[in-house]
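Residue-level listing of the chains:
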Amino acid sequence: MELNAKIPAGPMETKWEKHQFNVKLVNPANRRKYKVIVVGSGLAGGSAAATLGQLGYDVSCFCYQDSARRAHSIAAQGGINAAKNYQNDNDSVFRLFHDTIKGGDFRSREANVYRLAQVSAAVIDQCVALGVPFAREYGGCLANRSFGGAQVSRTFYARGQTGQQLLLGAYSALSVQVALGQVKMYPRHEMLELVVTDGHARGIVVRNMVTGEITSHAADAVVLGTGGYSNAYCLSTNAKGCNATAIWRAHRKGALFANPCFTQIHPTCIPAAGEHQSKLTLMSESLRNDGRIWVPKQAGDRRNAWDIPESDRDYYLERKYPSYGNLAPRDISSRAAKQVCDEGRGVGPGGRGVYLDFAEAIGRLGESVIRERYGNLFEMYEQITGENSYKQPMRIYPAMHYVMGGLWVDYNLMSNIDGLYVIGEANFSDHGANRLGASALMQGLADGYFILPCTIGDYLARVSPSDRLKTDHAAFRQAEQDVKDRTSRLLSADGTRTVDSFHRELGALLWNNCGMERNEKGLREAMAKIPLLREEFWRNVKVPGSAADFNQSLEKAGRVADFMELAELIVYDALDRDESCGAHFREEHQTADGEAARDDARFSFVSAWEFKGIGQRPALHKEPLVFEYLQLTQRSYK
Amino acid sequence: MKLTLKIWRQDGPSQKGGLAAYPMDDVSPDMSFLEVMDMLNEQLIARGERPIAFDHDCREGICGSCGFMISGEAHGPVKLTTTCQLFMRHFRDGDTIIAEPFRSRAFPIIKDLVVDRSALDKIVQAGGFISARTGSAPDANAMLIPKDKADRAMDAAACIGCGACVAVCPNGSAMLFTAAKIGHLGLLPQGQPERRQRALRMVNKMDELGFGACSNHGECEAVCPKGISIDFIACMNRDYMRASATETMEPVKRV
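Sequence order for the protein chains is R and P. First residue of the first sequence? That's 0 in numbering that gives the first Met the number 0, and the numbers climb one at a time after it. First residue of the second sequence? That's 0 in numbering that gives the first Met the number 0, and the numbers climb one at a time after it.
Just chain P, same shape as in the assembly (with noise of 0.2 Å):
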């Protein structure tokens, strides 16, 4: 196959960046877009030119390192598909293809297609968690946990933090990966005793980071790669509004 690609190149955060046009040839259907992009890289070094920087590792769509906007779609145009995982055969002959990073307010651009999403780890970080010392556990049979419900969880659980969902939000908002961690942890009886005090937390560390809210439009779960249901933003409205209508945020601090 032969192949445009175009790619978002930027030096570094305060610089100015743009579009720069890599004609392909000899692509392979079977081969990845990342590996595409490797190839690349390998000939740009080559001619002495800068390579791309992009976040990848596992290769394999469950990591979260990788993603960018792939003509216009977080992780391109297949379903439920991280950008490791796309392959060739998706496109066509001939095919100009744009890449650019996952933009918004709370992602800002390190390099090219790299960018910071630590406001993600910042949010888990601020009630994303059962407390649970190690060594307190009890026998893991000791607290029976029906299927439906325990399936349902891993449903949400599966969110691989890749932030697809903030990028394509309109309003820049991380609800889908926020719902996902508070919808697991709430549907499972280890995550009650923090349940409301995790929605206020969470929720009120995603709005001072700088996302936005939802309006339904529900891109997120359109491009979510793990499918992850928008029904969880449903469920942590629910737990936000239960909780802020009986207590009072506190801050995580030690026993």
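Isolated chain R (complex conformation) (with noise of 0.2 Å):
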């Protein structure tokens, strides 16, 4: 299979203006002949539903919540970027792009990146636009505050609760498009089958979660915003119901997944309490502008915080990374985290935390500054913990957060499947082996508002509304009986084992064997382990109820069954990509001092993995990654 990643031609300024003049235009008066179904409503998804109910298609959007407003974008706390420049730092699209591409490791892809960065500016002007109350400064003008792996201050933010504000944005535009009847709103919905015929996405089988209906919806092309696969690693930064259903089951239809085992461990989370531990919580990052992370320096230290005096604490990122300090880049300040705890250095309970401490900034500017900027962070972090961070540090671990690989999309964010479009986190176009904070709202945004309206149309304008199969046709038929055998065959099971005992150790395999740092002996043994427990799972799992009912129980059975095949597609790929890169770090490849050592000889490629039966070994496709903008260098924060 030949990749074809249909980057324009001509210098990178000019690619993506050349781009939307080229592309095919359907005139106004036809767009509401063509139907386009959106599944996802959170930043891109609900982003591109709006923006494309405003241009005059035909549009159905699909979300598992019981409103669109409740998408997990909504958990985004600290901010977007914007290569807008208002602080006079010397920020600019080149330097976003720059630092998009260092930060993840050299293993996105250079057009794309620059499109976003040139895109970041207006996202920032249409959510202003919409009402988003971001912070502003005395006079009136935007505030920005200052995120890992950059030098510049170009994040917008909305208290700690930017996602939230950005995704009642989105909502609300969508809201206008429901009110219209431009879109027509599926909560509680989900889609369980893509629908593909002579290489065209056709349309999607959802199950109807309240009545446990299953129904089909065809369209001329069908959007995935459904958002990442952290939660195959169980314990997640994710909301309980995020998953991978809706891409793997398009992966399973032929849709190549790209770069899977470049998962995210966020460095600043609350750390887990016990064995009931559902989730997980994200402290923001921007705490890193005004906490200081440290450990004492002795292994065994079991000192109160405030009985080490700072001659024997151990700032260990500033120590490490004089010039970047404690707003290092994700992958290496959770992998420094990592190593101090190895080294018997932790705090808390089980050793397994860090100290974020915030003394030396209520010192240098006033409690209430502090309350001002994190106020709900702190909040948040006391309810969960039962301790006041005004008064002694947040003890923070890293945990799983986000995904940069998802499924294969080219320039256009169509997949390899014609009419079959990926936008926000279920793609894998820009971050590369590493995303930055504040990049994903970016992101979700702008393909959602910007570029994938324009891209559409260029499909659309190929292919005839006439050409759209009715639901009654064969293809769909076979679909929805393919979804009710899997569900029949969920409820009959009839085990011993919880689905979420099972999610459990799946997700204890991934942590312990593919998280934060793999080796070679660790994948081979969860690229064994993993069948058996699928096979464990379909023989002996416990699915309470029945299928025409409101049953969350088979809800997360559904899930769970497609991590367990997606968790071997993450090995595979860990496996198969024998270099360190961004957050996949393999212990046989560092540098002298530990950092991640590439190896663009051999890897310098987009993994693009084909589907070839479960339990079989899918096939490699290789997209290679041309740098000619930026020279590839040695990640360097110090």
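Some hints here could point you the wrong way.
Simulated pairs of lysine-lysine, PhoX-like, Cα-Cα distance not exceeding 20 Å [unchecked claim]:
#	chain 1	residue 1	chain 2	residue 2
1	R	32	R	252
2	R	183	P	5
3	R	621	R	5
4	R	34	R	23
5	R	32	R	183
6	P	252	R	183
Sample of chain P residues lacking proximity to chain R, with all beta carbon distances greater than 10 Å (derived) [to be verified]:
#	residue
7	57
8	76
9	120
10	195
11	207
12	230
13	236
Just so you know, these hints were derived from the structure itself, not from any lab. Treat the numbers as computed from the prediction; the structure is a model and nothing was measured. The beta-carbon is built from N, C-alpha and C at its ideal position, and this holds for glycine as well.
Fit the two chains together into the complex; they arrive one by one in their own frames, and the hints show the way.
Written as structure tokens, this is what we have:
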């Protein structure tokens, strides 16, 4: 299979503009004849559905939550990047492009990232126009803060609830289109199958989560904005319902899955309190602007934080990375935390934690300034741990947070299946092997508001609405039957273990063998164990209730069943990528001072995997990465 | 800790429901309320009983999915807290805790603790937005917004749409929810062109959907996990009165 990324020719600065001119257009009067399905209503899906509705397409939008406003984008805290240079600190489109490529450890496409940086400014403008109450300075201008992996302040924020405010902006734009009848919203509906004939996406099969009814929906194009698959690891910062089912079903129908092993561990999360832990909670990276990270110098030092004098503390990020300090990128900060804990210097129960200390900032700025900046985060921390971070340092530990991997897409955000588009975290496109903080919101909205609505027309203009399949077509009937068969298999196993117990075991296996640090032995072990666990799952899972009902156990079972297959692909990819890059740290490949050692000669490519059957080795296709504008260098944040 | 959970069980919208008691051992004070529910559900499944249905998602107090009445209080006894962020250290060993769904005429029960809150979406669809087509925005700094105005708008915009305000209101009113959106957008210069129509559309839709009116009990503000001030209801009433005196309501339509 030849992978064609369809990157437009010409200088980087003008590629997107030229491409916008070159794509085919759909006449405004004809747009209403085209049906587009958008799955997911987060920043990417919500903004895309709203914008496609504004353009005049006939849109259906599906989400598993009870309202479009609850998509997990809502939980993003810290901010959204944009190359506005409002701070006059030498930011530019080129610098944002550079920081993103470098932060991603040179494993993303230059053309996509450059476009993202170009579009970023318009995203902020659009959000403000929709009424997003970003933080302001006293003169009324927008305020900015700094984030990891950058030496400029380009992050826009709304307290610690930026994702919420951006999502509510997109949701309000979506609501207008719903009111106008341009978008039909299907909340509490879960996509369980993609229908493909002759290499074209034709529609989806969904389950109504209240009644259990299985229905088919046909369209001229299908857009997946269904987020990432961090929950394969069971404990993550994702919402409990986040799942890979939509993209995994598409993968099984032929969509290539790119860089699945590029999974990001976020350095600042609240450590797990015990076996009962159901999810992990992120503490925004923005806290690292004012918080200093440290552990005791001596292993086994069990004194209270406030009893440990300065001379006995190790501010290890400031020591190892003096120029970026506490704002070193996520992958580097996470690994550094793991290392000090492995040395026995971790703090808190179980020794899996490091301090994030605000005492110095409170002394310098006063408690009220810190409260203004991070008040809600401090409250959240206190709710969960019962500890007051104005008086004692927070304890944090890395947790599974985001995936850079996802379905392979070309420059148009179209997968290798014609008419199947993938946007936001669900695709692989912009963050390489490591995403910088505040860039997920930027990408989701850039894809949804500006990029997809332009590029999808190019495909739609080439197909005719009269070729759209009817939902009584055999392909839809077959897909519905597949969904029903699968559901009855889950319900009829009637074994002895709950879905949650399988999910925990799978998560622990991935976290231990394919987490922050990976090696061949551990990966091979996971590779051997996952198929056995999957086999046991189908034989021994206990899913109560019926298919024709509101059944949360059944929903969960379907998602975990897909994670069981996806987990194997993650491990295949991690094993195959015999180098370290960004968040993918193979212990065998590190520099003398313990940093990720890339192997550009062998691995400067995107790994795009083709499904070959359950338990079968997937086929690897490579998209070479060519760097014309930036020189491949060893990342240094020292 | 040992606790007794009394939980509302109801098979479906038209079935009769009732409280069922579940004694729980080995509850850790560091568990969240929903983690206790998870633990109970694991036990129920193992015993071959139907697990308890409840809405939840982010489990960090921002998505607004979760929420039920806990011993008579929406989201439980701790102020400014969603159900998912309620930790067991706030209860005592031996306590009996009652969990019931958010009850209101406009929130029909789907199953157990799950209710249908789609009426709140309909209020937003009626007018809770600024019609700004993608691509039409001026530079973000072209419009200066005083910091105190932006902060105040953010106070209102923090609403998570959980519906606790409706559930505790003796009138089943959605005034705090509606006022938060009207207040947020009405404080901003971008929100001015549609300000009056917004008030008319949202308030009328709220009435149409079967929500009651406000009689200043203040229960809503007291249970709001995001601390939305009841002052916004006064602002909304002002907007509504002014709009009623000067304009007639128009449906949302295309240009």
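Check your understanding: Which of the numbered hints are not met once you compare them with the structure shown?
Key -> 1, 2, 7, 9
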